[in-house]
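Going down the list, the protein sequences come from chains A and B.
Under the UniProt record's numbering, read the first sequence as residues 1 to 353, first letter to last.
Under the UniProt record's numbering, read the second sequence as residues 1 to 443, first letter to last.
No wet-lab data here; the hints were simulated from the structure.
A few of these clues could be false.
Computed beta-carbon distance windows for the label pairs [what the hints assert, rightly or not]:
1. A:Y155 / B:D227: 22 to 30 Å
2. B:L88 / A:N183: 31 to 39 Å
3. A:P78 / B:V39: 42 to 50 Å
4. B:D271 / A:D94: 34 to 42 Å
5. A:V97 / B:R290: 53 to 61 Å
6. A:E121 / B:T93: 25 to 33 Å
7. B:A248 / A:P342: 47 to 55 Å
8. A:K163 / B:T93: 34 to 42 Å
9. B:F213 / A:K212: 46 to 54 Å
10. A:Y155 / B:R185: 16 to 24 Å
11. B:D44 / A:T280: 55 to 63 Å
12. B:P313 / A:T83: 24 to 32 Å
13. B:G296 / A:P78: 56 to 64 Å
Residues from chain A that keep clear of chain B, each with C-beta distances beyond 12 Å, as calculated [unchecked claim]:
14. S43
15. T96
16. I149
17. Y154
18. N216
19. H223
20. R235
21. R257
22. R332
23. G334
24. M344
Glycine included, every Cβ here is placed at the ideal spot set by N, Cα and C.
The primary structure of each chain is shown beneath.
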Amino acid sequence: MGYKRKKSENEGGEEPKPVEVEKEIKKRKGILPSMIKNKDKRSAVHAKLKQEKKLEKRKKVKARDAAEKRALELGEAPPKKETPKTIENTREEDETVWEAYDEELFAGNDADEFSAILKRESKPKILITTCRFNSSRGPAFIEELLSVIPNAQYYKRGTYDLKKIIEYANKKEFTSLIVVHTNRREPDALLIIGLPNGPTAHFKLSKLVLRKDIKNHGNPTSHEPELVLPNFTTRLGHRIGRLIRSLFPQEPNFRGRRVVTFHNQRDFIFFRHHRYIFETKETKHTDAKGKKTKDSKAETITEAKPIARLQECGPRFTLKLISLQHGTFDPRGGEYEWVHKPEMDTSRRRFFL
Amino acid sequence: MPRTTTLECPGCPPLRALTFDELGLIKVTEARSKQGGGVAKVVDRWGDPDASKCVLAASMDDRKVDPLLAVARRNGTIDFLNPLNGDLRLSVTNVTEGGVQPEEAAVSGLHLFAKQNLELGSRCCTLLTCTTKGNASIRSFEVTKSAEDITSAGSSRTWNVCAGGDILCSKVDNSERYSLFGGKRVEMNVWDLENCAKIWTAKSPPKNSLGIFTPTWFTSATFLSKDDHCKFVAGTNSHEVRLYDISAQRRPVISFDFRETPIKAVAADMDGYTIYIGNGSGDLASVDMRTGKLVGCFLGKCSGSIRSIARHPEFPVIASCGLDSYLRIWNVKTRQLLSAVFLKQHLTNVVFYSNFADEEAKITHPAADQLHQEEHIVPGTPNEDDGEALPVKKKKSKEKKRSKKEAKAESGNIEASEENGGKKLKSKKSSKRLKRDDLDDEL
């Protein structure tokens, strides 16, 4: 396996470069350690290379620090800090990313299934149910979901078909239906269905941590929470964001200081539930210039500074979208708006939400 | 997992496609062969976003002189547009006639007749509509120059296609004498349009070995070949594709499964045996209906349900669109993605405007060698816009004098030259494949 990978790496790295450049690189680097067969020699060369790299890095950091210091002394603007390259900010360009002030986007928003709730014309009413077999962590998770989502009711699944449940929920004027699917007594999937004709989103659920397992957790109040939904940038993400938003009442009660976060990062949606508090804290603040001008004593100013503190409460889990279906749950005859297919995984830097 | 993601899109031949979406917008996508390397781009948008104007069905009569486009909307109106510049020619409502709600009168099938126009004069158009409840009607309208004048010519026939159930697909054959209907709880049936009589009904397939009967639910259908109204292909909700032959039997001649989601779109090729099928999870494939064997799938990160497939009348190119809001253009021979355009809305329909390509060629080189039509297009040609329809028309009328045979031969040549272009792209192609393609041309 190692050998194979080596080969592909060599091909990927060297093929597109012209021959001269390739030679130059070879001169400079010598032989790559991965090409040496003797393990002793290989490790020696590798260690040497590593050491060189380390020194080079140290030198670079030193130079940067020196430049910064000099700039500070001369009173100039310090050199610009370089932003590290991350997978997110080197994301592949996506034409489906929506821009603000897109007329079609607004018209689409007005026409979609959630506009009644999001325009505060009607109140969300959520039905939560499970899969057929449900025990241990499943019920505990549902109990916590009930505390997170206001105006949610739990109904036992029994042996009803999901389509029958949807019919019933439509009759009772529920606006959304959440199905928690458990496998081996562990919740592993979440189905969010918009009613009466909204889309069906199927999420994979992982990394579930219940409230009692979180250290120093708080207990949520029954106030309407605030919602934070960052990073839903594409059209699909926008739609998923609206689906999630439609689960919660649109008027947060700020007295409760409760905040529910669905943070999207690299197509994983992280759920967190916090209580926050603003406090004024007296801090000792030293004047930066006091150090430089040594004749004056370093002045210390006590300052009342507002700080925010967070306390986590409620469950913690991660969602990943598997499919988004047009219309209500219909696995056999349904039309998909988006399905994840293996052929779409062409890069680590390609995201859909 | 490969690291590279850039999909090489070789670019499409010059074409013009119209897409219709759920907000009632009509978007015009054009690709020009030389300028911009054949990348398809949105050039125009007609209409304002309005959810009640969601396009349910569209039909185009793309004759050379005075083409017409009919669009059925959710609020019960049928608009006639000029596909060159998007001018509203005529707007009729479908609601008033029976006093039914627009929801019930949702149009599921629409066909604009091309043939009868020539007999009655160019200003008259005949339209077949079919609602989901099964009310089919043939009406003629007079299209006057000003959009305000709505005159309905006398001939209007209405009949009911089905007793119960919903009509989901309807199609008129090439001779425009027969039409087929089918849908949820409605078996496929074929009607003679001249005297509005049902001439054939399908028989549901027998129960399977477990005694389970799959309920009838046709989602899409198409006639297999141009000059034969006997054979047609239908796709069902239970992901089955069936070939019916009216002259043979009432049960399907060939029937096979395709993947796991319902077949949502079926389109026939011009060769009379290849069909293209698209399903609810975005899989597109071509099938040889003589044997019922899958020829190959079209792969291109298509993630949403395919609602409509259109075959270009000249080039070996198909277009597909659907809920993932992409218009994708594929090469039929290599099954390669030529171009993908993001159109922002859930798309419901796509049609090709066939006269676009030669328009461009004729303007630049009226006396160009027909064989190498494409190669002769100068890159710096002025963009003939929609407004410049007039000079085009003149040339078209000249064009008309040429016999049909010639035109056919020409189209064949274009296809052949295109094919050669495709071959250049794929260097590995063996001589074996070449031979087969030649055979195809003869057919």
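Against the structure, the hints come out as follows:
1. A:Y155 / B:D227: 22 to 30 Å: violated (59 Å)
2. B:L88 / A:N183: 31 to 39 Å: violated (56 Å)
3. A:P78 / B:V39: 42 to 50 Å: Taking Cβ atoms as reference, P78 (chain A) and V39 (chain B) lie about 44 Å apart, which means the hint holds.
4. B:D271 / A:D94: 34 to 42 Å: holds (37 Å)
5. A:V97 / B:R290: 53 to 61 Å: violated (45 Å)
6. A:E121 / B:T93: 25 to 33 Å: holds (29 Å)
7. B:A248 / A:P342: 47 to 55 Å: violated (41 Å)
8. A:K163 / B:T93: 34 to 42 Å: holds (36 Å)
9. B:F213 / A:K212: 46 to 54 Å: This hint holds: roughly 52 Å between Cβ atoms.
10. A:Y155 / B:R185: 16 to 24 Å: The hinted range 16 to 24 Å is violated for Y155 (chain A) and R185 (chain B), with Cβ atoms some 32 Å apart.
11. B:D44 / A:T280: 55 to 63 Å: This hint holds: roughly 59 Å between Cβ atoms.
12. B:P313 / A:T83: 24 to 32 Å: 52 Å Cβ-Cβ, so the 24 to 32 Å window is violated.
13. B:G296 / A:P78: 56 to 64 Å: Hint holds: Cβ distance 60 Å, inside 56 to 64 Å.
14. S43: holds (28 Å)
15. T96: At roughly 6 Å from the nearest Cβ of chain B, T96 (chain A) sits no farther out than 12 Å, so the non-interface label is violated.
16. I149: holds (28 Å)
17. Y154: Nearest chain B Cβ is 32 Å from Y154 (chain A), so the label holds.
18. N216: N216 (chain A) clear of chain B: closest Cβ-Cβ about 40 Å, beyond 12 Å.
19. H223: holds (35 Å)
20. R235: violated (7 Å)
21. R257: At roughly 38 Å from the nearest Cβ of chain B, R257 (chain A) sits farther out than 12 Å, so the non-interface label holds.
22. R332: The assertion about R332 (chain A) is violated, with a minimum of 8 Å to chain B.
23. G334: Label violated. Min Cβ-Cβ 6 Å, cutoff 12 Å.
24. M344: violated (5 Å)
Checked against the numbered hints given earlier, this structure breaks hints 1, 2, 5, 7, 10, 12, 15, 20, 22, 23 and 24; the rest are met.
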